[in-house]
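Engineer: Listed here are the chains, written in short residue letters.
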Amino acid sequence: MCVFRDGKVCVPRGGGSEPEWGPRGASLPVGVSAQLTMFRYQSLEDCPLDEDEDAFQTLGEEDEDIDQFNDDTFGAGAIDDDWQEAHERLAELEDKPATARELEDGAVSDEMELLGHHEENLAERLSKLVIENELEDPAIMQAVQTQPPMQQPGGLNSSIWDGSAVLRRFRGPLLTQEMPSVSVLEYAMPQRPPQSQEDDRDLSERALPRRSSSPIIGSPPVRAVPIGTPPKQATVPNFNQQILCPKPVHIRAPMQQRYPSPYGERMSPNQLCNVPAGRMSPSQFARVSGLVCSPLTSMNPKLLQGRVGQMMPPASRFRAFFGAPPPPAPPPSQQQHPLCPGSHLQNLRPHPQVFRPDTTHLHPQHRRLLHQRQQQNRTQHRSLNGSAGDRAGHRSSHHEQLRKDPYANLMLQREKDWVSKIQMMQLQSTDPYLDDFYYQNYFQKLEKVSAAEEMHGDGPKKERTKLITPQVAKLEHAYKPVQFEGSLGKLTVSSVNNPRKMIDAVVTSRSEDDETKEKQVRDKRRQTLVTIEKTYSLLLDVEDYERRYLLSLEGERPALMEERKQKICDMYDNLRGKTPGQERPSDDHFVQIMCIRKGKRMVARILPFLSTEQAADILMATARNLPFLIKKDAQDEVLLCLLRPFSLVLYHLPSGTVTSLLQQLANLPQSATVPAPANLHLAAVLQNKFGLSLLYLVLSRGEELQNSSAAVELMQDNQWTELMSMATRELLRIPEAALAKPVSTPSNLLSLFSRYVDQQKLNVLETKLQLVQGIR
Amino acid sequence: MGVSPPPQPFSRQLFYSFFKSLVGKDVVVELKNDLSICGTLHSVDQYLNIKLTDISVTDPEKYPHIGRLSVKNCFIRGSVVRYVQLPADEVDTQLLQDAARKEALQQKQ
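First to last, the sequence lines map onto chains G and E. Under this note's numbering, the first residue of the first sequence carries the number 814, and numbering increases by one thereafter. Under this note's numbering, the first residue of the second sequence carries the number 839, and numbering increases by one thereafter.
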């Protein structure tokens, strides 16, 4: 107790022993402790700085009470642990690698406790950092082998670090035979007799390796649904039929374990056996694959099976590796898996082991394809794979490597799961259609194709399950650039979310006065390309509208339709060139587009969206310029893609248009003049596959029109008759060798020609053009 | 949270999406060290790391250690891949073009 000059009294808070500056949880430098001392005074004036002797004495006394400041600073959480003790314990453990089970148990469990204690504390704190809603996501959890629903006694609530996995020990039959001699990390390998396999608890990992005193590297994970994960409820019955196999496949006896089956009906016994395959985390996978002839391939089933989570694996990379197709092969309906690791396993085991990775997150079509593939491979492998003699030979070498594996147990299962979860979180998608565009559409198309094929058959053989991709609600993150307190103004840091312009690049368009001809041509082509791309964007948008209709609200739909119409008009304008003048005098723009391969494809895709007049216009322009286009198309041969949309358009055209179309094809001026002996235009058309097919289509349409009731005008139309005679004349004239082979010959051409030519010529035409079915 | 790698923006998910559709198919991966590995595409992730099964080294067996030991699976880090040779009939080029265009649009926005 000291009394100061001004009457204030300071009372040290109870005498303390000499502070231990040694291995203490909280060791404060002297300066800090001195500062803390200062705070105990009421005000600065009270600091007896001028009372030197007294001050020092006080300080000295305060040093003794350093422990009390621990509480002030760190609160009740300060762990009073002795790291030296802990270290000794660990050292002991290493020295006696695997003597007696009980001893080990004791040691390990001590170790466990100590570490578990750490973990729990840290985990508790960390779990508070986790955003709650993300934890609900089942799909991220599927990536993980730990079981979240299980509560630690420490009261960790839905923390990734949950799960007794950490504290479980690895029990494996193979390990009983091997004494880890080399690896420091394997000190804790329990020597369990094989009978213990029948435990129904999940036995996943090995005990904590000595080196890691704190397994928690960072913060825990979150759970969210990655792309492609089907929701639990909706698809359960479907999957039942698709995935599950009738017979359970048993791993060899000593390694058999029971797996919890939280999903009840969903998991067949077979799937249960195979479930672990799906649980492998990438690190495990890497480990397995990284080790040549990995000894772990035999052990890993244990590892995997230990933590049998109930959920389905989230993404492709978690698909397990072991897909051995054993000769007494169980059912085909399981999913992909490669035979390669399988072949390892096959060599190892007396009973064939099958790990069926869970690919339910894949598109059903994809899954089917993989099944088929797997079956094919299976039959191949069956013939290729050796006898049991081979297996025996391999087994010893595998065991050999098993023993020496120095990389085992570098990470806890929890750590692996944590990393997996981080990766899975990144795959959360707010709009799987956009983000995963190619994949989804590809398999949709495949399904359509196979559906079309199957329609001819008995109907769909398999169920049409839809791939349901969960969508996470888009969280609006307003990015707030980091701000430092106390700084004047805002310091902006350039990052991924907040990119800053680093270089002032100014775009200057070159306007050179003396542009050469080639440059002009090149620029023009570039211009066309740009136009094509712009039109393509419009086209993609328009094609998307149907989907958007379904997703939008009622009130928005008229606006959407308007937009769509506008876009279609824009597309058409782009195609034909804007500001047409009076009558679209030049086809030039259109022809330019049509000279480019993707331009042609684009036109083929646009045609269905255009109105009839617009489409007819396009058709006309094409026909008018056909020889030129044919010449340009010689390399690409893409014109044929236009046939189908053209035929659809033709179907809607009135007769007058058809006539003029034919006219265009034959390149006759409006007023029929005396035709030249050889119509080059038409000849060129006939010699080209596309041209000939188009001509046939037009003729066929004309014939249809003639046969219909309103076709009387056509008959009386001089033009049509003339055109027909011209066409037939040309057809007769042209040598058969020069004639192209059309895509399809319409059946009514014969009757068409019969109107205009006599029988003899008709016969000639018949044979030449192979108009009669069956002569091919 | 701890340090986590940045999520792949949509602009980089085209290839991921594309390779996902190729899972189960045979591909040849040519690495930047000129090694070519033929195998079945087992899985791919957002970094385009590739796992192959049933691998074999294509034509010049300059790396016999891979062939002789029964290494049947491999993991290839995405950054070391130079080319991936694909079966042509497994690719829908029109769809791929559309996907690329959409991605370009997204990037502009």
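These aren't lab readings, by the way, just hints derived from the structure by calculation. This one's a predicted model, so the numbers in the text were calculated from it and none came from an experiment. Every residue, glycine too, gets a C-beta built ideally from N, C-alpha and C. Warning: the hint list may mix true and false statements.
Have a look at the derived ranges for each label pair, beta carbon to beta carbon [said to hold, decoys possible]: (1) GLN932/E / ARG1338/G: 34 to 42 Å; (2) THR1580/G / THR896/E: 49 to 57 Å; (3) ARG1410/G / LYS946/E: 48 to 56 Å; (4) ARG939/E / PHE1441/G: 44 to 52 Å; (5) LEU1301/G / ALA938/E: 43 to 51 Å; (6) LYS946/E / ALA1264/G: 17 to 25 Å; (7) LYS1261/G / PRO925/E: 17 to 25 Å; (8) ASN1531/G / GLN935/E: 23 to 31 Å; (9) ALA926/E / LEU1366/G: 17 to 25 Å; (10) CYS1382/G / ASP927/E: 35 to 43 Å; (11) GLU1376/G / ASP927/E: 21 to 29 Å; (12) LEU1364/G / GLN932/E: 42 to 50 Å.
Engineer: All hints, please: hold or fail.
Structural biologist: How the hints compare with the structure:
1. GLN932/E / ARG1338/G: 34 to 42 Å: violated, 22 Å
2. THR1580/G / THR896/E: 49 to 57 Å: Between THR1580/G and THR896/E, where Cβ atoms are some 52 Å apart, the hint holds.
3. ARG1410/G / LYS946/E: 48 to 56 Å: Roughly 24 Å apart at Cβ, these two residues miss the hinted range, so it is violated.
4. ARG939/E / PHE1441/G: 44 to 52 Å: violated, 28 Å
5. LEU1301/G / ALA938/E: 43 to 51 Å: holds, 46 Å
6. LYS946/E / ALA1264/G: 17 to 25 Å: violated, 36 Å
7. LYS1261/G / PRO925/E: 17 to 25 Å: holds, 21 Å
8. ASN1531/G / GLN935/E: 23 to 31 Å: This hint is violated: roughly 47 Å between Cβ atoms.
9. ALA926/E / LEU1366/G: 17 to 25 Å: Roughly 43 Å apart at Cβ, these two residues miss the hinted range, so it is violated.
10. CYS1382/G / ASP927/E: 35 to 43 Å: Since the Cβ atoms of CYS1382/G and ASP927/E sit about 37 Å apart, the hinted range of 35 to 43 Å holds.
11. GLU1376/G / ASP927/E: 21 to 29 Å: violated, 37 Å
12. LEU1364/G / GLN932/E: 42 to 50 Å: Violated, since LEU1364/G and GLN932/E (Cβ atoms, about 24 Å apart) do not stay within the stated range.
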